[in-house]
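Visitor: Please arrange chains B, C and D on chain A, whose structure you already have, making use of the hints.
Chain by chain, the residues run as shown.
4 protein chains.
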Amino acid sequence: MIVILKQGTTQKEIDNITDAIEKKGVKVNPVIGKELIILGLVGDTSKIDHTQIEANRNVEKVMHVAEPFKKANRMFHPEPSIIDVNGNKIGGNKIAMIAGPCSVESEEQITSIAEDVKKSGANFLRGGAFKPRTSPYAFQGLKYEGLELLKKAKEKTGLPIVTEIMSPYDIDKFVEDVDVIQVGARNMQNFDLLKELGKTNKTILLKRGLSATIEEWLMSAEYIMAGGNENIVLCERGIRTFETYTRNTLDLSAVPAIKKLSHLPIIIDPSHATGKWWMVDPLAKAAIAIGADGLIIEVHNDPANALCDGQQSIKPSVYNNLVTELRLIAKAIGREI
Amino acid sequence: MIVILKQGTTQKEIDNITDAIEKKGVKVNPVIGKELIILGLVGDTSKIDHTQIEANRNVEKVMHVAEPFKKANRMFHPEPSIIDVNGNKIGGNKIAMIAGPCSVESEEQITSIAEDVKKSGANFLRGGAFKPRTSPYAFQGLKYEGLELLKKAKEKTGLPIVTEIMSPYDIDKFVEDVDVIQVGARNMQNFDLLKELGKTNKTILLKRGLSATIEEWLMSAEYIMAGGNENIVLCERGIRTFETYTRNTLDLSAVPAIKKLSHLPIIIDPSHATGKWWMVDPLAKAAIAIGADGLIIEVHNDPANALCDGQQSIKPSVYNNLVTELRLIAKAIGREI
Amino acid sequence: MIVILKQGTTQKEIDNITDAIEKKGVKVNPVIGKELIILGLVGDTSKIDHTQIEANRNVEKVMHVAEPFKKANRMFHPEPSIIDVNGNKIGGNKIAMIAGPCSVESEEQITSIAEDVKKSGANFLRGGAFKPRTSPYAFQGLKYEGLELLKKAKEKTGLPIVTEIMSPYDIDKFVEDVDVIQVGARNMQNFDLLKELGKTNKTILLKRGLSATIEEWLMSAEYIMAGGNENIVLCERGIRTFETYTRNTLDLSAVPAIKKLSHLPIIIDPSHATGKWWMVDPLAKAAIAIGADGLIIEVHNDPANALCDGQQSIKPSVYNNLVTELRLIAKAIGREI
Amino acid sequence: MIVILKQGTTQKEIDNITDAIEKKGVKVNPVIGKELIILGLVGDTSKIDHTQIEANRNVEKVMHVAEPFKKANRMFHPEPSIIDVNGNKIGGNKIAMIAGPCSVESEEQITSIAEDVKKSGANFLRGGAFKPRTSPYAFQGLKYEGLELLKKAKEKTGLPIVTEIMSPYDIDKFVEDVDVIQVGARNMQNFDLLKELGKTNKTILLKRGLSATIEEWLMSAEYIMAGGNENIVLCERGIRTFETYTRNTLDLSAVPAIKKLSHLPIIIDPSHATGKWWMVDPLAKAAIAIGADGLIIEVHNDPANALCDGQQSIKPSVYNNLVTELRLIAKAIGREI
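Residue numbers (full-length UniProt numbering), protein chains in the order written: chain A, 1 to 337; chain B, 1 to 337; chain C, 1 to 337; chain D, 1 to 337.
Calculated directly from the structure, the hints in this document are not laboratory data.
Source: prediction; values computed, not measured.
Which copy is meant is left open, so a pair is good if it fits within one copy or across any two.
Derived pair list, reagent style DMTMM-like, types lysine to aspartate or glutamate, alpha-carbon separation capped at 20 Å: (1) K195 - D170; (2) K61 - E215; (3) K34 - E67; (4) K259 - E336; (5) K143 - E107.
With the rest of the complex left out, here is chain A:
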């Protein structure tokens, strides 16, 4: 951490600030120039709240050097984490393939899609039971009934369940019924929910918020990890920019960035990223090529009549062809599906 002081700060004030900072348990090295007074903080600064230093009126600004996250930081955990979900691994050489409908609609629907995507090579089943919708008047999911239907599809296919949680009230139920608990983009900084999930040992699929920086995203992972749960899979699903042709802008450079900064696995959601089914194919290919550890893709047997997000869902047959082509790209970069 580096503290820049205002020009004209007196030696006495520098000493006061230095004392105040050193009380927080770090050492201060000053660099004093004519147009520049900086204090270099040496030691563990991860628990120092920079706003407490910036509040001093002699402080021009405070700059991070070390990343503010610890448990998620690759510096202290150089090996990539491999998350084990009932024997299915996320983060290793084999790429995780998560597929299924936007929302669970009926037993027949979810079971038939589960069977189809399994045949194509998927090893996880996604399906929304609780749906975060912008409008209170839109379909909100089958809720607990949806969870029951997911369990039936799991019974038939063996595919572990990935589904989104919206309320801390439901954590116990999700821990019992679900294999991977998804935290949606809009809840990425629902810190209360993150803390509660930190007390479980379930795998958490943490989606990046629509306008979250990579650092904030890792800090949200840190919230869960600080609570004791280190089973986290990150998921990039598009960020909000000025471009309106696509619903969001998929930030694929987040993949190498996360690999550099953290040991946690990262997967890509090409369906939500653009909101257009015909873009799923090229974006999925790019995601594999750039080194993503998995893909979560919306697949529906009848997109035109889907209860939500049919415009971004692909049919099982399209998914099947896509996986075949993805295998070639995975092989080209030395991985497998």
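Guide: For chains B, C and D alone, coordinates are given in the frame of chain A:
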């Protein structure tokens, strides 16, 4: 709502889509040109989920014409809403002045600030008890103890309490202890929390999410209103853009936009918008001039030692001068503080 | 300037980097911690290209401390600059009022608008002769004929002319015919044009680019100033964000930011900022309240038939009322129109 | 094009607007509902300036249906364009590989890099002679001397030259000396320059502006094409978002979007997109997988001492390995390098 079909869509397909849409209870008027087939939907489209139409592969895109919010919509409620909080009105000619520290730190701190800002003209006291912090290692607020201290400050000054809720678990407690329940920017689309708040009749201060469009923000208000609680005050607090000199970019044009689209009152938070205490003064003046119904400002008796956000807090004496100057601007536009 | 080195950089490599940097004429002070090696650069760093330092593979990152602009920097020119245009001052206590149509259409149109806005209190006439349009098929302005008509309007009213330049070929003509040469948002980083304008001594109205940071904007001013022309007026006209309700998002906090960082005057364009005529009034009021040195507003006698941007133009009578109200706000903050 | 009228617009006003629009050569089909009055415009709307319609105070908004570009539009040119540069094709099955330093520094430097990248498989040489720099104090390129050195490198290697133009004054020289004229991101809407380039028949590499929408980018291509020059290659190089870890956010979804909307080839610049040399490899792989028609990559023999952008340049040996790996991915999607 307008549905654009792909070129080459056959008459039979047009008929099928038309039938499917008319089953949702609206009438379809087609406009058919050589390079253009559009369907104009006439009737109440607010409950139609556009993704269900977009999912049809012959549909190029779906465009909203009418706003998707009803209860928050000025079209159906032309008079501006005035929210009554224990006799203090938000939304009328008199401008609401909310002030207080980022977080409650001690009885002495909160009481003394409350007394100071009251003398200067504030009519609401803000103070965080539960703090949403990016880092799990940062000070998270005094929590329930903070609520108790706020109540003591209210006892002494009579100022109604404005404070942020983070968990649905705390709603009963907040309903009892608090006058205005704040929903923070990061929870603007925590739909589960919004639904629960819709069941109360407390005034809700709904902050705009960091990357929320004005429409999405009003849809979040609609969530609360759809549950039965129409006591909502909107709060613009800066949006996230590429600019890094200020922490966020205050979108003051949201004030006239909200006044046009909705009957709900809107206030401005100049402290969070920029993260710089010396910008509070000019931004507060601009907010009054543009027609905001109130200001929420961070005031601390000792910013340099504040437990959070001291860098954006002003001292009581600075607040006092500011209010004096704001009164002149309010008068210039025919309002009062 | 601060240089952060990678962990594990050897002393020998630190010495090499230090030598290389000191050859650029600054002194290097090292701060060496266990998880942190930083080099504090003391001296004139404004001419050091940070990419040349970042290119060293041991360098983690380079951070600016001092602003990279010199001539535009308030630190070296504490008094605000007042720009004199034929006796009309921009930057002093009196607020500059620039008004006129998006584009010059006919002698009658430009002259009559000029006469109207002058009566209302405008002291500069704007009017586009060369129009930067997104589409090659849209009206591109009357070009040289437009300049002639502006001169006629000036003859009749005495109002100095503000108009946009698009090509370096036209500089001589503009220097002769025009009082303030406008550089549009899309040309803010047309460095070649900026360099040529730096050789003149005309007042330059430099609009902020749609996605330009405040620092980049000041660096564009620095381009002109480095060439010898210090007569620059900055103009904020809205930046590009995710919000689509307004055409752009007016960044009013740029006003106090510029006042802090630079001595150059700054004015606001509320017409282009939102693209909506009914938002001009509230945004103009906010601009005066926040301390802008002027306003540039689109006024047209027949907006419904304007050849461009009629949707954001106000009528002369509306402008007249607006100026009357703006005078009250100006007075409230101790300035005058 | 669709025109939405305000509620309460009278039949007489509807008729007036209809007449005014039909005079522009299109037919108007009205759809009149209780809460909705829309006019569907049928015919060639590409030459209608929507602001001229929006200026009518009864108009709520105007929405595009057909894209505003004609010559760049895939609808009227279903086959993808293949641009021929001295026998080297851009846009076909073979992927164009453009490589070279950020700026030309010396004969030895440019020639040696050209020879190296040619051996690795590059078929075009890039190198900046005129450099657009944010700071007027940064190295601005060798200018005309740089062009001469590029010609020498071409003589030795046969690689066609790709280099950036900054001023319309230099067009004749570039037409003579250069094979592909690059228009940089900051000049994407320098319409004057685009018009001049439209009069040549050189291949133009048109970079996307930092905050340009895909539609605006295609409209800039349309400017050149409207002038008669249809030899255009688009280049995505990262857009500006709130994320600061990377210099820009590479928008790879622009590749399938452009392929859908236009027949023009599109290439990717992974070097400028992130500003980090170690991200070039994964982003280049993703670009090939997603279907880009080429890559423009910064290669320098001594990045640590490069005169600009060394931090994003890779060494010839790294480039050589990268091309080898890219060939595998190209093969996996049925293309070749």
